[in-house]
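Starting from the known structure of chain X, arrange chain D on it as the hints suggest.
Residue numbers (the numbering used here), protein chains in the order written: chain X, 61 to 322; chain D, 78 to 583.
Some clues are possibly wrong.
To be verified - No farther apart than 20 Å at their CA atoms in a straight line, the calculated lysine to aspartate or glutamate pairs in the DMTMM-like style are these: (1) X:Lys152 / D:Glu365; (2) X:Lys152 / D:Glu482; (3) D:Lys326 / D:Glu344; (4) X:Lys152 / D:Glu490; (5) D:Lys357 / D:Asp281; (6) X:Lys65 / X:Asp80; (7) X:Lys65 / X:Asp87; (8) D:Lys326 / D:Glu365; (9) X:Lys302 / X:Asp292.
Hint data in this document are derived by calculation from the structure and do not stem from the laboratory.
Keep in mind that this is a model prediction, so the values were computed, not measured.
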Amino acid sequence: MFEVKNLTKIYDDGTVALRDVSFEVADGEFLIIIGLSGSGKSTLLRCINRLIEPTEGQIVWDGVDITAAEPSQLRQIRRQIGMVFQLFNLVKRSTVLTNVLSGRLGYVNPWASLLHRFPAENREMARQALERVGIADQAHKRADELSGGQQQRVGIARALMQQPRMILADEPVASLDPVLAHSILEHLEQLNQEEEITILCSLHYLDLVQQYATRVIGLRDGEIVYRGTREDIRAMTDEEFKEIYGQEAVRVGVGLREGGME
Amino acid sequence: MATRTTRQELQPSLVSPPVAGVASLLIPGLGQVLARQLQRGLLLLGALITSIGLFAWRVSLLASREVGAIAKLAKALDRRPAFVIPILASLIVLWLWIAWDAYQQARPDRRGGLGVFAFVLVLFFALGWQISEINLYKMVTELSDASGPLSRVVWPWAAAVTRDTEAVGAGADVLSPCDDQPPPPPPEEIPGQPYLVADPTCGDLATRDENLAEVLGTALALVGRGFAPNTETQILWADPIGNEFRMRKEGEYLVLQTDDEGAFEIEVTMPYRLIPPSSKGRQIHRIEARQTSEVGGLLPSDALRHNIEKMVETIVLGMMATIFGIVFAIPVSFLAARNLMSGSSVTMVLYFITRTILNIIRSIEPLIWAILAITVVGLGPFAGIIALTVHSIAALGKLYSESIESIDPGPIEAIQATGATRLQTIMYAVVPQMIPPFVSFSIYRWDVNVRMSTVIGLVGGGGIGFLLTQYIRLLDYRSAGIAVWFIAITVATLDYVSADIRQRFV
Chain X
61 MFEVKNLTKI
71 YDDGTVALRD
81 VSFEVADGEF
91 LIIIGLSGSG
101 KSTLLRCINR
111 LIEPTEGQIV
121 WDGVDITAAE
131 PSQLRQIRRQ
141 IGMVFQLFNL
151 VKRSTVLTNV
161 LSGRLGYVNP
171 WASLLHRFPA
181 ENREMARQAL
191 ERVGIADQAH
201 KRADELSGGQ
211 QQRVGIARAL
221 MQQPRMILAD
231 EPVASLDPVL
241 AHSILEHLEQ
251 LNQEEEITIL
261 CSLHYLDLVQ
271 QYATRVIGLR
281 DGEIVYRGTR
291 EDIRAMTDEE
301 FKEIYGQEAV
311 RVGVGLREGG
321 ME
Chain D
78 MATRTTRQEL
88 QPSLVSPPVA
98 GVASLLIPGL
108 GQVLARQLQR
118 GLLLLGALIT
128 SIGLFAWRVS
138 LLASREVGAI
148 AKLAKALDRR
158 PAFVIPILAS
168 LIVLWLWIAW
178 DAYQQARPDR
188 RGGLGVFAFV
198 LVLFFALGWQ
208 ISEINLYKMV
218 TELSDASGPL
228 SRVVWPWAAA
238 VTRDTEAVGA
248 GADVLSPCDD
258 QPPPPPPEEI
268 PGQPYLVADP
278 TCGDLATRDE
288 NLAEVLGTAL
298 ALVGRGFAPN
308 TETQILWADP
318 IGNEFRMRKE
328 GEYLVLQTDD
338 EGAFEIEVTM
348 PYRLIPPSSK
358 GRQIHRIEAR
368 QTSEVGGLLP
378 SDALRHNIEK
388 MVETIVLGMM
398 ATIFGIVFAI
408 PVSFLAARNL
418 MSGSSVTMVL
428 YFITRTILNI
438 IRSIEPLIWA
448 ILAITVVGLG
458 PFAGIIALTV
468 HSIAALGKLY
478 SESIESIDPG
488 PIEAIQATGA
498 TRLQTIMYAV
508 VPQMIPPFVS
518 FSIYRWDVNV
528 RMSTVIGLVG
538 GGGIGFLLTQ
548 YIRLLDYRSA
558 GIAVWFIAIT
568 VATLDYVSAD
578 IRQRFV
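For reference, chain X alone in the conformation it holds in the complex (with noise of 0.2 Å):
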């Protein structure tokens, strides 16, 4: 069970970033948050393994309070929570296979890691790994040599080399076109029902979140202004989806709306 309880985050500027949110996820799920950019979506998911640093609430993952760790009870709590960005966020001069060992980091010997070093079982953790996302034949290419859908990929493998219980995804599919996008959520979906590794995923697109999610949240503002279950966001309205993205909005999904359905 994780709880975010009253989670509120101002930058030094000012800026109300989150603002006295509270939710629930339970084991398994494929939370997904919508919003639009600016609303406090990637706020939220760095709050969770506090790549930002909250200003008010409690994170509570089985009933350890994360907002309270101490720095090395924090990096036993970051290597349990996978995350995966939107600009893949790999290192782009090292290899494949450096980047995905580097998801080991937070378990190896850190002296042993300066050097490189990872032991056997890691490199044929991460040789597992990338024949999962299906890029093994990739792994001694630099990062930068990939496509964009194979980068989000090795993003995912060292996720997984994290043996994580919770992946954060910060609009995995933003950069990629709509059928790497599907391949991406295919995959997350994959490691959700398989594994019961709980997804807390942000996304932007409606037909991708009416066909992934278990659940949803919307934010605007810093708010949640949408709370939803599976059934609810399929038989979403305009009304609705407008509270969310705001009166300006236009459904971009309108038109796949159908093709999530089937």
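Coordinates of chain D only, in the frame set by chain X:
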């Protein structure tokens, strides 16, 4: 600019066109001012005063001894009419043109003629030509005189090799001045060996009389036998303390050719030597005939060896300066990176101080740093290393800090999210991003430093530049040419290599 604004405002002239013209004839620019063209009037007045001032300065330089403006002008006209007449005429034309311009500007349909400003530019160009002593005629006519030294610089390789020489010779003692004891006897002749006899064996050296006119020394009849036949032979004079020099006749080195039997006869006069008045005893000089011949294979000459040594020193100098520069620039660059220092006001102050110091250091040329360093550690490569190091720290500090500023924060975030420690994050997310620009800039700096170290020697900072200036001052253009070739080859090679390496890393 002035014309446009007044046109827009459409302010009429205060006076009629003829009045404005006359006003500018009396005080150039006044007419324009009266026609409400203040900037134009001041600009033209300033231009006229400046060009008259420059002209007066050049005239007074041409006639520095004359007194009075008219006399100076007349003298200057006499000495350099091609300069004085056109400039004087141009100044008068400019004055009249300014008056004409005032007349035009005062008319209701004023036209902003730019011709007068173009004329001012031409006048300044003519004055500048004179002041900077440009002399194309000399450049062309004296090119042929320079062709000797230039051709030696362009193809200097004759000076790069040498051969061992072997000298055979014979000498005879000569006493100066003659005294009451018997003069030195002629040497004994050994058959088959070179033999030289001088007659007489005592005499007076050349001197100068009270009017500093040369008084020739005693004439000596030299007879040589037993030398190699048909071979060039030099005549040398050695004074009592063994200083040798080649004898001259009418300014030219004395060189003679032996006949078929290896013998020669020649008359020489005793040379001019300054003998210290305090010297005691009999002064026995020695005259020698010597034949030198080259033996053995080609050897690298001294010039070549020195150039190679100094070239190595130059490359090492540049390399050491680069290494020191990198070592010091890395910590400095962290202080000069805005993204790292924007945390608090204290670090921001540190950032601005570092940036300012780097900018000041960088704006001072390495040659000047070398001169400053020489005052501390003396002449030699160490001064050059200090100068280039100081400049490298500033240049690399700026380049490094800019590459730190442009680092992508995404991978840092991603590595942090895996539960990595701070050190691991730096190793896996920061260092891989830093290596390519660091390597690239460092190699580029090495390239720059070696290029700079070739000239740092000009002021005494070590390296091949030191040798180059020395050879040029000794008029040894061949040896200088070797240095020039070495510099060109090294710089071109390094340029290619560094571009190649940088391409691989980026």
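How the hints compare with the structure:
Simply put, Lys152 of chain X and Glu365 of chain D have alpha-carbon atoms about 80 Å apart, too far for the 20 Å limit, and the pair is violated. Simply put, Lys152 of chain X and Glu482 of chain D have alpha-carbon atoms about 17 Å apart, close enough for the 20 Å limit, and the pair holds. Distance restraint check for Lys326 of chain D and Glu344 of chain D: the Cα-Cα separation of roughly 10 Å lies within the 20 Å cut-off, and the hinted pair is therefore satisfied. For the given pair, Lys152 of chain X sits about 14 Å from Glu490 of chain D by alpha-carbon distance, which is consistent with the 20 Å threshold.
Note on Lys357 of chain D and Asp281 of chain D: the hinted pairing holds, with a Cα-Cα distance of about 16 Å set against a maximum of 20 Å. For a cut-off of 20 Å, the pair hint linking Lys65 of chain X to Asp80 of chain X stands: about 8 Å separates their Cα positions. With a C-alpha separation of about 17 Å, the suggested pairing of Lys65 of chain X with Asp87 of chain X holds against the 20 Å cut-off. Among the hinted pairs, Lys326 of chain D with Glu365 of chain D is consistent with the structure: their alpha-carbon atoms are about 15 Å apart, no more than 20 Å.
With a CA separation close to 15 Å, the supplied pair Lys302 of chain X and Asp292 of chain X stays within the 20 Å bound.
Hint violations for this structure: number 1 only, all remaining hints satisfied.
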